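When you get a sec, could you build the whole thing from the sequences and use the hints?
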Amino acid sequence: MTLVGVVATVWLALTGQLGLYIHPRYFEFTAIMAVIGGVFALAALALAPRGIDDAHGHGDGHVEHEHDHDHETDASSETSIARRTLGAIAALVIVAASIVALLVFPPATLTAQTAVQRDVDRTSADLAGDAPSLTGADPSTFTIKDWALLIRQVDDPAAFDGQTATLTGFVAPAPGDPDDTFYVARFKVTCCAVDAQPIGVPVHLPGWKDRFVADDWVDATGGFARDPSGGDGLVLVPDSVEPTDEPEQPYVY
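Residue numbers (full-length UniProt numbering): 1 to 253.
Don't read these hints as lab results, they were simulated from the structure. Here the structure is a predicted model, which is why all the values come from computation and not from measurement. A virtual CB, placed ideally from N, CA and C, is assigned to each residue, including glycine. One or more of the hints may lead you astray.
[To be verified] Derived DEER-like restraints, expressed as beta-carbon distance ranges:
{"id": "1", "residue 1": "159", "residue 2": "11", "range": "46 to 56 angstroms"}
{"id": "2", "residue 1": "253", "residue 2": "90", "range": "32 to 42 angstroms"}
{"id": "3", "residue 1": "3", "residue 2": "81", "range": "38 to 48 angstroms"}
{"id": "4", "residue 1": "114", "residue 2": "11", "range": "39 to 49 angstroms"}
Encoded structure:
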């Protein structure tokens, strides 16, 4: 299993897909440690002692044991062999499952279901950091994280007059799964996918379910206004929402 993990990690690093699981700042460290771990695993296998199964035999000094004792020994040996066989089968199943999970199935990003489970609305509201300034800035350089910060730290829609946002992310249902609002979302990774937190910007688009489903990647362009549905906060009122391909780097940092 260690070797399977090493092969999977090195393969992901060589194919540029390690970013689906960890922050880029850990790429070099992870690849080096994977190679070192592989070397130690091979050394451990090479140096492991080889046991000799003598479950059915005894030394010459035991050949005159009583018949009943022989039966008890045979039964104990058969039980031990059965347990070892079951253990070996279980180990093979676990290793085979690891090979399928790590080497056969293609790597994939976290999904909209995870975003809903981790509460994209709450984590977006709890974003740490200062929003970029709208004065004299080029909105085309803003990331989805920047816009999520802005609409939660600047709640006056007049501040966004003349500003156009372009957001790329996956479709995630808004809390309560309304028919007129969804989130354009992405995951913010601090260390690895385990700690990834969904962030997003609500988009007001009545009938969006007729065009998109959860996990579809979209480009949304428009301005910000009070939620026409009467909800709290600002939402993107799009001029256009078009399907797009998942970017090579789906996460933000």
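Check each numbered hint from earlier against the structure, then list the numbers of those it violates in ascending order. 3, 4
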